[in-house]
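Enquirer: Based on the sequences and whatever the hints tell you, model everything.
Protein chains: 8
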Amino acid sequence: MKRVAILMGSESDRAVMEAAIPYLEHFQVPYEVHVMSAHRTPDRVIQFATTARDQGFRILIAGAGMAAHLAGALKAHSSLPVIGVPLPGGVADGLDALLSTVQMPKGVPVATMSVGKAGAINAAVLAVEILSLEDDTLQERLEDFRRKGAKL
Amino acid sequence: MKRVAILMGSESDRAVMEAAIPYLEHFQVPYEVHVMSAHRTPDRVIQFATTARDQGFRILIAGAGMAAHLAGALKAHSSLPVIGVPLPGGVADGLDALLSTVQMPKGVPVATMSVGKAGAINAAVLAVEILSLEDDTLQERLEDFRRKGAKL
Amino acid sequence: MKRVAILMGSESDRAVMEAAIPYLEHFQVPYEVHVMSAHRTPDRVIQFATTARDQGFRILIAGAGMAAHLAGALKAHSSLPVIGVPLPGGVADGLDALLSTVQMPKGVPVATMSVGKAGAINAAVLAVEILSLEDDTLQERLEDFRRKGAKL
Amino acid sequence: MKRVAILMGSESDRAVMEAAIPYLEHFQVPYEVHVMSAHRTPDRVIQFATTARDQGFRILIAGAGMAAHLAGALKAHSSLPVIGVPLPGGVADGLDALLSTVQMPKGVPVATMSVGKAGAINAAVLAVEILSLEDDTLQERLEDFRRKGAKL
Amino acid sequence: MKRVAILMGSESDRAVMEAAIPYLEHFQVPYEVHVMSAHRTPDRVIQFATTARDQGFRILIAGAGMAAHLAGALKAHSSLPVIGVPLPGGVADGLDALLSTVQMPKGVPVATMSVGKAGAINAAVLAVEILSLEDDTLQERLEDFRRKGAKL
Amino acid sequence: MKRVAILMGSESDRAVMEAAIPYLEHFQVPYEVHVMSAHRTPDRVIQFATTARDQGFRILIAGAGMAAHLAGALKAHSSLPVIGVPLPGGVADGLDALLSTVQMPKGVPVATMSVGKAGAINAAVLAVEILSLEDDTLQERLEDFRRKGAKL
Amino acid sequence: MKRVAILMGSESDRAVMEAAIPYLEHFQVPYEVHVMSAHRTPDRVIQFATTARDQGFRILIAGAGMAAHLAGALKAHSSLPVIGVPLPGGVADGLDALLSTVQMPKGVPVATMSVGKAGAINAAVLAVEILSLEDDTLQERLEDFRRKGAKL
Amino acid sequence: MKRVAILMGSESDRAVMEAAIPYLEHFQVPYEVHVMSAHRTPDRVIQFATTARDQGFRILIAGAGMAAHLAGALKAHSSLPVIGVPLPGGVADGLDALLSTVQMPKGVPVATMSVGKAGAINAAVLAVEILSLEDDTLQERLEDFRRKGAKL
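Chains as they are written, first to last, in this note's numbering: chain A, 3 to 154; chain B, 3 to 154; chain C, 3 to 154; chain D, 3 to 154; chain E, 3 to 154; chain F, 3 to 154; chain G, 3 to 154; chain H, 3 to 154.
Keep in mind that the hints were calculated from the coordinates and are not lab data.
Any given hint could turn out to be false.
[As the list claims (entries may be wrong)] Partial list, computed: chain E residues near chain F (C-beta under 10 Å):
hint: 1; residue: 61
hint: 2; residue: 113
hint: 3; residue: 125
hint: 4; residue: 152
hint: 5; residue: 153
A virtual CB, placed ideally from N, CA and C, is assigned to each residue, including glycine.
Expert: Have a look at this one:
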């Protein structure tokens, strides 16, 4: 059963965000990948966010650049933990997306990662850390991963 | 009949955003003021944006700080011109909100003003400029305002 | 009859600013393109700005980099809505031009877009949104464009 | 039984970090607060991090300013989810601490919040969201909190 | 006969820009002070710039904040040396005005000083240095000023 | 007789700084070019600065990157007008050199240009503007240059 | 006997950090190079730092990028002088690592160099300067190096 | 016999730089404090730097703001280790002075501390660390200081 959703605002974000996949597969965590835009296809975002928990998802990972509203839009419509991955491409080359992603109002947090591929990878690892809190098998894989230098 | 809506994410933004009001009143442009949050009360934002044109609004002015998603959320749900006013308060003291507001994806523009009260005032003046394109009385008031130094 | 003017400070800005053209043509909005510099050919700028409304223009789109005074110079001499597109090339690679463009004094607004081609495209879409306020055909094209994902 | 640890580098950080407490208490999540420095008392940090899971902790929240190494030092020694809260006070007034906190190497994520009190509050809410994944009572409280505007 | 003009965009800039005056008076260089805005009263700026040399001026000092177009607008209309003093007040607290002032196109330089009062003072000293190139009395005063630590 | 010195901290700056030369030659202003470093060969800098006026120089143009002390070191030892050209190459890619160059203490100004080649060119044009104050032939060439669009 | 240790967080930092080696060899200062990560292999860092003085080391040079905790982690566990070299690669391309490296708490300094290869070279020269305080032969080599322009 | 010199560009820097004194006195390291400016009194700086080693100094600590050339000017004229303390006050409130101080050319390092009082304190502690390399009594005091939390 799928546990983690990887979402992104545009097809052009796919190469960066899919850096998360080998990590999820290493830990054998089932996932789905979807493209949807907070500004161009807002109804899809709302639909996904409001049904995600019932579909079995436990963690939503969202990557977006520039105004970078996707993670926040998901958080507005879901109480699941949302992990935000800022993407480069704006005038401040990712620092803008970082500030848009991390500076959420009180009460509606987005767990923010660093910009780009390293952020996508760490979003996967954080998702594993969260899921491992109640999953001893996953926790063993995590400790093993860390003992080997936290690399695949 | 109301033409301009002034929207803001939080009651604490009111003092800044209401700097627009004397300008709208000087030009005799009817307006409404509402508080609604893209993250805390997203359903109100969607409801407002999707019905705004039918309610008679022609221009939406939105002020928000930090992640500053309000203007973008309105634009996602309305084809009316949206004017964004970035507000100070984030770690980069308004520059963050400016970048969140202005860096919209292609096809969904937000007309962005400067940060804070000067931005709220100029949002009002831009709204008047837009409405005056088809309103000779308003255009005369605008030319008169400019002849006198563009000040109240 | 022409409605939108696309202005830029230098021939080297043309490739970026002309990204607006397919959008204006998609919406069948007539336009003109001119090169003029606020610092090298200031008299041409004043001449254009002061006669633009009588020539039939409704919206002025101005792209400039570095000190980026062109949009502001047009606004100083015209009451038409001015949309500013900051261009990269300065020491802060467009952030400088963004701040020069957006931070206008009270009473003389420039509707600012994001830096570069995305900004030029959104300037065109904002111009269409403004013109569609009193043009039902244009508004239908706009709603259709948005339903299809706000892309050409 | 305690579930969340709130850690900070210096007594002077306490006023900011304790903004998290009313939120943890609202959700009835047991917590502890400790002061320890990655640079002045590194042995205490290592001792705490390596024993935290066995002590019953599920989430570590760490606040630090300037070089802001505390969250990263905890992450180096624990596989529990670590939430980092950047604090103001450095030359870039929190942006420096944000970049030090969020830019972790691949494989060792820190879930980063915004700078200062809003970040401390959101660290608490994120901790609740994580714990609620396997706790229906907590999830009900969370949905209730969100229905009421995500405020205390 | 007046040699130096001190110009500023708004009455609110006067306190900063008048820091230049004691230095001009120390060196016995005649000056005038005027307020005029590149955006609100552009015709006054053009009128002043195009007649400045014939009025006897040799150096134009211009202070402005935010978009900071005044120095550039003067330079567009005069071949006299223009010294720009960026003023604080924008979102980047003077760094924005500095970049707007200094980043002029090729061929139309503005000699830029640091932000605020120190910049106004140094504008006066630079004006003296320029005038002293052909004025031995002024040069003696300048050398004397420097021998005494370059302070009044 | 030489009037303008073009100085730079390193041979690697030569390609940028020599962009000034065609402009000085167009205006028939004699110049010299020298490489000397404020940190590696400080005695040469002091020797040059203290004798420059007696050698006939009227304007010193100095280009430097990173800490960018050359213009300031010359100003410390000469009362001639010093024009500073910040060069790219530091961590902030020229913005650092700009701030090092422009932020001189009160009483010891450096007339600062924009970063890189455009700054070197404008340093030459500013030098011409200064020299033309007492040279009618040069002033005629300057007006002619401006009438033709301020370009070579 | 080895005197200087060059440490770095990752193999990918080696090309930059080894720019220090020709300088140490020119001055005939014995050194070692090691890769160890404050986050992935923290126990190695602690082991190295706590035994470095007894192994004969006098200066520790540490290069790291992004969160850049390595120099600080060494300083937490050793009273030897630690020289930090910030490396590019983060969202602010080295400025982030610079701020993480330099902004240490009171009492635990890291002597910070500029970003990248120039910083690695200067770390070597600073190490030589420190060691030469009690080594006349080394001091003579240093004075000779400086007389020849401070270059190899 | 004096070992450490604390130098600063202006009397107004004294309050910040003297934060170093209690630390030097705690470790019983003799010091002197002098005010001298790289730009206003350059001859005093050269005189001090060229004679410092023969006067018995082993470490030069220099604090300066804005263009912040003092540490670099000392380094240009002395082979002793120079520690730079950037001071706030410029347009980037110390970040500018940090970049001016740290970005020295290859071969002429300045050991840079953080901005302001914390930097002045850490300059003193680094000086002690360097002097303790050949002074067992001082090293014992240093270890004792660190065992007690690296605080006075």
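Enquirer: Does each hint hold? Answer for all of them.
Expert: Going through the hints against the structure:
A cut of 10 Å between beta carbons decides the hint on residue 61 of chain E: the least distance to chain F is about 8 Å, and the hint holds. Annotation: interface hint on residue 113 of chain E holds; nearest CB of chain F at approximately 4 Å, less than 10 Å. Below 10 Å, beta-carbon pairs count as interface contacts, and residue 125 of chain E has one with chain F at about 7 Å; its hint therefore holds. For residue 152 of chain E, the interface hint holds, the least distance from its beta-carbon to any beta-carbon of chain F being 3 Å, beneath 10 Å.
For residue 153 of chain E, the shortest C-beta to C-beta distance to chain F is roughly 6 Å, which falls under 10 Å, so the interface hint holds.
Of the numbered hints listed earlier, not one is contradicted by the structure.
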